[in-house]
Structures are given as C-alpha cells and as structure tokens.
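As a plain string of letters, each chain reads:
2 protein chains.
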Amino acid sequence: MFTPRPIGHVRSPYAETSQVPKGLGAKHDAEGELEILPEFEAGLTDIEGFSHLYVIWAFDRSEGFQLMGRPPSDDRPHGVFATRSPRRPNPIALSVVELLGREGRRLRVRGVDMLDGTPILDIKPYLSSVPEKQLRRGWLAEAEARKEKG
Amino acid sequence: MFTPRPIGHVRSPYAETSQVPKGLGAKHDAEGELEILPEFEAGLTDIEGFSHLYVIWAFDRSEGFQLMGRPPSDDRPHGVFATRSPRRPNPIALSVVELLGREGRRLRVRGVDMLDGTPILDIKPYLSSVPEKQLRRGWLAEAEARKEKG
Numbered sequence: 001m002f003t004p005r006p007i008g009h010v011r012s013p014y015a016e017t018s019q020v021p022k023g024l025g026a027k028h029d030a031e032g033e034l035e036i037l038p039e040f041e042a043g044l045t046d047i048e049g050f051s052h053l054y055v056i057w058a059f060d061r062s063e064g065f066q067l068m069g070r071p072p073s074d075d076r077p078h079g080v081f082a083t084r085s086p087r088r089p090n091p092i093a094l095s096v097v098e099l100l101g102r103e104g105r106r107l108r109v110r111g112v113d114m115l116d117g118t119p120i121l122d123i124k125p126y127l128s129s130v131p132e133k134q135l136r137r138g139w140l141a142e143a144e145a146r147k148e149k150g
Numbered sequence: 001m002f003t004p005r006p007i008g009h010v011r012s013p014y015a016e017t018s019q020v021p022k023g024l025g026a027k028h029d030a031e032g033e034l035e036i037l038p039e040f041e042a043g044l045t046d047i048e049g050f051s052h053l054y055v056i057w058a059f060d061r062s063e064g065f066q067l068m069g070r071p072p073s074d075d076r077p078h079g080v081f082a083t084r085s086p087r088r089p090n091p092i093a094l095s096v097v098e099l100l101g102r103e104g105r106r107l108r109v110r111g112v113d114m115l116d117g118t119p120i121l122d123i124k125p126y127l128s129s130v131p132e133k134q135l136r137r138g139w140l141a142e143a144e145a146r147k148e149k150g
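Quick note, the sequences are listed as chains A and B, same order.
For the first sequence, the positions run 1 to 150 when the numbering used here is used.
For the second sequence, the positions run 1 to 150 when the numbering used here is used.
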C-alpha cells in the first residue's frame with residue numbers, strides 16, 4: 001500500500017468533536033480554510049473553476065474501530081460501512097465543501113465538519129451527483145421518518 | 001497518521017488501465033463486486049438500504065505523483081487536485097457506485113472504474129448531492145464545450 005501524508009491542514013472553528021453539529025438535520029455551513037502545504041500548491045492550479053470539492057481527510061483523533069455502532073442520527077446500531085462513524089478500519093473521512101475562494105495555497109470553503117488542524121489527504125473536484133429520484137438513503141431515511149412522526 | 005489496510009478487493013471486468021473508459025462522455029456502467037474480507041463483514045450491516053455507495057480505494061498500480069498533468073478529458077494540463085489523476089501525493093481514489101445487491105460479504109455494484117483486484121479502503125453511504133444549479137464544473141465544462149463546438 002502507501003504511507004499517508006498530509007497535503008495540508010484544515011482551519012476550522014471547531015476545536016472539539018462536541019462542537020461539530022451532528023445527528024438528524026445537522027447543518028454544515030461553517031466556514032473554514034484548507035491550508036495546503038507550500039510544496040503541493042501547484043496541484044491547486046485551476047481548482048477555482050469548481051464550485052464544490054471533495055475533501056478526503058484523516059480522523060486523526062479517533063482510535064481503533066468498531067464494526068457496529070450507534071450513529072448520532074439514530075437510536076439503533078448499524079454497520080460501520082453504512083455510517084460515517086470515525087471509528088473505521090481505515091480512519092478516512094470524506095466531506096463535500098463549497099469553494100468560496102482561493103488565496104494562493106489557502107482555499108476558503110463552506111461546509112467544514114472537521115476539527116481545527118485536521119490533516120488533509122486529498123482534494124478532488126466534485127463533478128456529478130446521483131439524481132434524487134434514484135437515491136435511497138436506507139436506515140437514515142427511516143430514522144428521519146420516525147423523528148418526524150415524533 | 002495510520003497504516004492503510006484493505007477491507008476487501010474489487011472484482012472488475014477490467015484487468016488493465018487501458019480497458020477502463022476514460023475522457024469526455026466516458027460511461028461507467030460496468031458491473032462488478034466489492035468483496036469484503038470476512039473479518040469486516042459485520043460492518044456491512046444495513047448497507048442494503050442504500051442505493052449508492054462511496055467506495056474509497058487505493059491506486060495500487062500507480063507510482064509517484066505529478067502536481068500538473070493532462071487528463072484524458074482535456075488537451076490542457078491542470079493541477080492534480082483539480083483532476084482525478086491516479087498520480088497523487090496520496091494515491092487515494094473515490095468512486096460512486098450503485099448497489100445492486102448483497103450476498104453476505106459480496107456487494108454487487110454498477111459503475112466500477114477500478115481494476116480487478118484493487119484494494120478497497122472504505123465504503124460509506126452516499127447520502128446527499130449538490131443541487132445541479134449550484135454546481136460549477138471548471139475546466140471540465142470548458143473542455144466539454146470545446147468538444148461540442150468541434
């Protein structure tokens with residue numbers, strides 16, 4: 001395989017996990033920065049043209065993994081690969097952020113749900129989306145329906 | 001950081017990079033399997049409820065990285081973080097696949113663009129999408145427009 005290395009770090013308003021909005025209806029509209037290391041700045045060329053980016057990052061403050069767990073959005077346990085739990089066999093996270101602007105090696109973005117100082121592993125352009133009609137959202141849709149019913 | 005380990009492997013019709021559809025208008029509708037290792041099978045619990053999955057995998061047959069490169073979809077070079085080039089500082093790939101069915105630790109999926117035997121690092125439910133109206137697709141939209149003009 002390969003040895004992961006940070007290409008940069010997240011500047012986020014969140015210092016602790018408890019501050020990150022979680023659970024059903026949680027909004028991720030916090031602004032922050034993706035600060036890329038100087039040696040990788042050239043890799044950002046032409047990124048300004050994209051409105052949204054995938055950010056792949058490391059859950060660097062998570063330890064070990066749990067194959068079944070109860071996510072904040074439900075009162076029932078689910079398999080780790082059916083959730084976004086940080087306690088995964090490979091502690092890799094994925095976020096979609098909106099690119100607000102670029103200043104050199106700093107990308108200003110909206111939608112950060114990472115902690116301040118989080119190592120960034122990769123950035124990719126967000127290109128396509130699955131039509132809403134074709135999308136099924138499994139246990140999460142069920143948990144939302146139960147919540148609405150009250 | 002962490003040491004990446006495979007949670008399973010892709011079974012794909014593609015044995016070589018040259019067989020994977022690439023470039024503008026490339027369709028990814030090939031079917032394949034995500035074969036999860038027995039020790040991680042419990043992590044798949046409830047995954048059947050989701051129509052689409054993110055698959056995070058390793059470009060295990062790619063070497064080194066290149067900060068600027070010419071993607072198959074354009075005749076101009078772009079920064080690696082504005083493309084899906086396999087030659088990245090961290091050789092991590094991301095695909096969205098449609099989940100067709102599950103048999104134990106095997107997920108039958110549509111939309112594989114990986115080579116046969118590719119190590120899978122993570123699977124996550126695909127939950128939301130960016131509304132089409134809000135999406136800008138940078139150099140790729142420009143390359144498509146140039147192609148259409150002929």
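Derived from the structure by calculation, the hints contain no laboratory data.
Warning: the hint list may mix true and false statements.
Said to hold, decoys possible - Computed list of lysine-lysine pairs in DSS-like fashion (alpha-carbon distance at most 27 Å, straight line):
#1 A:Lys147 <-> A:Lys22
#2 B:Lys149 <-> A:Lys27
#3 B:Lys149 <-> B:Lys22
#4 B:Lys149 <-> B:Lys133
#5 A:Lys149 <-> B:Lys133
#6 B:Lys149 <-> A:Lys133
Practice task
State the violated hints by number, sorted upward, taking the hints as numbered earlier in the document.
Solution key: 2, 5 and 6
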